[in-house]
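Peer 1: This is what each chain is made of:
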Amino acid sequence: DAKTTQPTSMDCAEGRAANLPCNHSTISGNEYVYWYRQIHSQGPQYIIHGLKNNETNEMASLIITEDRKSSTLILPHATLRDTAVYYCIVRGQTSGSRLTFGEGTQLTVNP
Amino acid sequence: DAGITQSPRHKVTETGTPVTLRCHQTENHRYMYWYRQDPGHGLRLIHYSYGVKDTDKGEVSDGYSVSRSKTEDFLLTLESATSSQTSVYFCAISDRASGATYEQYFGPGTRLTVT
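Taken in order, these protein sequences are the chains called A and B.
If you read the first sequence in this note's numbering, its first letter stands for residue 1, the second for the next number, and so on.
If you read the second sequence in this note's numbering, its first letter stands for residue 1, the second for the next number, and so on.
So here's chain A without its partners, still in its complex pose:
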């Protein structure tokens, strides 16, 4: 699975959009981009995933660049409860059971 690079930490004002970047320059054609988050002391939570098209669900939007070497997770109206570590994971369809978590980005939403 391709390696990902994320900023260590980010801040966002409550009610504003939070844009979390992820670089995955070695991604291959059959690998998906997944985002999970982990609120303090809880288990990780799935947010969204995509291949090459932009995706949106009730939690977030995922924007993947045309060359697929980077992506951005967007929380459109961040709340204090969105404060968490956000993990960007690249995984192939045939990667078996492995989800490789890096260090992620600590997002702090400030009032």
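No lab work stands behind these hints: they were computed from the structure.
C-beta atoms are modelled at their ideal positions from N, C-alpha and C, and glycine is treated no differently.
Any given hint could be a false lead.
Stated by the list, open to error - Pair ranges (Cβ atoms, derived): (1) Thr13(B) <-> Ile74(A): 42 to 48 Å; (2) Arg111(B) <-> Asn57(A): 28 to 34 Å; (3) Arg9(B) <-> Lys3(A): 29 to 35 Å.
Claimed, not checked - Partial pick of chain B residues on the chain A-facing surface, computed with a CB cut under 8 Å: (4) Tyr64; (5) Glu103; (6) Phe106; (7) Gly107; (8) Pro108.
Chain A is already provided as a structure; the job is to place chain B on it using the hints.
Peer 2: For chain B alone, kept in the frame of chain A given last:
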């Protein structure tokens, strides 16, 4: 939330003692996983199961064993606990191991301290 429980939620034990952590699911998912989480390392896969009595090693399996005698239960055993196994342990489940839609659902975690 997915029906996953872990027990115990907190445990303190002494070096050299055996410890068993339990993960229980009510989702009838085929795949179950054990991770550990330590500062500076993120989550690392210990063992996983792809069916009853079918298990395999993850990236940090040394010192751990697992068993799955029923779909709903996945046990993680530390045969002789060491201080390096002090960690937070998470169980996860999924209903598939491949394909585009692949989500793992995580339990609340067990905080283990080995003194």
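Peer 1: Next, verify each hint and record whether it holds.
Peer 2: Going down the list of hints, with the structure as the test:
1. The hint said 42 to 48 Å for the Cβ distance between Thr13(B) and Ile74(A), and at roughly 44 Å that hint holds.
2. At roughly 31 Å, the beta-carbon separation of Arg111(B) and Asn57(A) lies within the given 28 to 34 Å, and the hint holds.
3. At roughly 33 Å, the beta-carbon separation of Arg9(B) and Lys3(A) lies within the given 29 to 35 Å, and the hint holds.
4. For Tyr64(B), the interface hint is violated, the least distance from its beta-carbon to any beta-carbon of chain A being 16 Å, above 8 Å.
5. Checking Glu103(B) against chain A by beta carbon gives a least distance of about 4 Å; that is within 8 Å, so the hint holds.
6. Taken as an interface hint, Phe106(B) checks out: its beta carbon lies about 3 Å from the nearest beta carbon of chain A, inside 8 Å.
7. Because the closest C-beta pair between Gly107(B) and chain A is about 5 Å apart, less than 8 Å, the hint holds.
8. For Pro108(B), the shortest C-beta to C-beta distance to chain A is roughly 6 Å, which falls under 8 Å, so the interface hint holds.
Of the numbered hints stated above, the single one contradicted by the structure is hint 4.
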